[in-house]
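When we follow our numbering, the leftmost residue of the sequence shown carries the number 77, and every step to the right adds one.
None of these hints come from the bench; they were simulated from the model.
Beta carbons are placed, not taken as given, at the ideal position from N, Cα and C, and that holds for glycine.
Treat the hints loosely; a few may be bogus.
Across the chosen pairs, the derived CB separations fall in these ranges [said to hold, decoys possible]:
| # | residue 1 | residue 2 | range |
| --- | --- | --- | --- |
| 1 | 253 | 391 | 44 to 54 Å |
| 2 | 256 | 81 | 31 to 41 Å |
| 3 | 326 | 140 | 35 to 45 Å |
| 4 | 107 | 388 | 46 to 56 Å |
| 5 | 342 | 111 | 38 to 48 Å |
| 6 | 246 | 348 | 37 to 47 Å |
| 7 | 88 | 135 | 26 to 36 Å |
| 8 | 391 | 259 | 32 to 42 Å |
| 9 | 197 | 311 | 24 to 34 Å |
Straight line, CA to CA, 20 Å or less: simulated EDC-like cross-link-like pairs of lysine to aspartate or glutamate [as the list claims (entries may be wrong)]:
| # | residue 1 | residue 2 |
| --- | --- | --- |
| 10 | 349 | 359 |
| 11 | 318 | 157 |
| 12 | 349 | 337 |
| 13 | 349 | 176 |
| 14 | 318 | 308 |
| 15 | 318 | 304 |
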Amino acid sequence: MQQAELSRLAGDLGLDAIGAAPAEPYRETERHIRERRARGLFARMRFTMAQPQVSCHPETLLPDARTVISAALSYYVPGPDRRPDEGRLPRYTWTNRYAELRGKLEVLGERLGGSYRVLVDENQHVDREGAARAGVGFYGKNTLLITRRHGSWVVLGTLVTDIEIEAGQPLALDCGSCTRCIDACPTDALDEPGVLDSTRCLSYWSQAPGSVPVAFREPMGTQVYGCDICQDVCPWNRGVEKRRGAEPLPPQAQPHVSLLEWLQSGDDELRTKYERLYFPRNDPRYLRRNALIAAGNSGETALAPAVAQWAETEDELLREHAEWALERLA
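Whole structure, please, built from the sequences with the hints as guidance.
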């Protein structure tokens, strides 16, 4: 199959970018993962870094695998202003675009025929490397994949197939001399361009088990999960922001959350309502931990009673963060 036919099918399905590459090992990426893991840059993260012998070998993901198809779906929509008693969510979580992308790739696999396997937001494949090889985008200095028309505001997915498809060409683009993401990171997690130090990354700490180091709590601001700072300042994202600036927020989208709700809701309610988010051991106390930090940074003294109840708990983790938040509010 020619690249043009693949692009036509992608357009029919509403995919924003697509490309193909041979199902061959990602040897350089595997080496980078092993080196950075040895340096401790992944902290306790696992994901695709846990088993590079699998995630960097797409040729093993399907019998007779011949082609890796990489697709991108943009999730950018402008968001409303945040109220003082609300916490921020990263844009990719506002709606479940991963589920939408997975459905589109399943349809694409059926239309292509042959044997195929769809991987979206899974640990068995380094989606960014496949997408870079296929010409869907290039690696930015913030380590994210940047597409030509949609910047880094995209979710990525992969379809491994036994059908041979014309390979795309990697994009001859890069960040040039721009260092805005590096300069904007409040914890210097990107000091080495193109390399993320997870031990200093706010997004990592919002999803990590245990206590958030005191030095990183104030920089988290009112972000209760993830972090978009390095994307907000990226010049490559200006184009999609302008083109989609007038689009309405989807009815089901949730850019912000009520801090009071996160502090007062029961475990089952939080776990069910925010099942699209990853948090350690599916334990909603980590969402409360993040809400306590955001409440402390909000300056919203009306949240103090809800925070104070956790300062009296026997849960050491939540008590510690509640006491910190109360000091900030005072």
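Structure-based check of each hint:
no.	hint	result
1	253 x 391: 44 to 54 Å	holds (48 Å)
2	256 x 81: 31 to 41 Å	holds (38 Å)
3	326 x 140: 35 to 45 Å	holds (39 Å)
4	107 x 388: 46 to 56 Å	holds (51 Å)
5	342 x 111: 38 to 48 Å	holds (44 Å)
6	246 x 348: 37 to 47 Å	holds (42 Å)
7	88 x 135: 26 to 36 Å	holds (28 Å)
8	391 x 259: 32 to 42 Å	holds (38 Å)
9	197 x 311: 24 to 34 Å	holds (27 Å)
10	349 x 359	holds (13 Å)
11	318 x 157	holds (18 Å)
12	349 x 337	holds (11 Å)
13	349 x 176	holds (18 Å)
14	318 x 308	holds (13 Å)
15	318 x 304	holds (17 Å)
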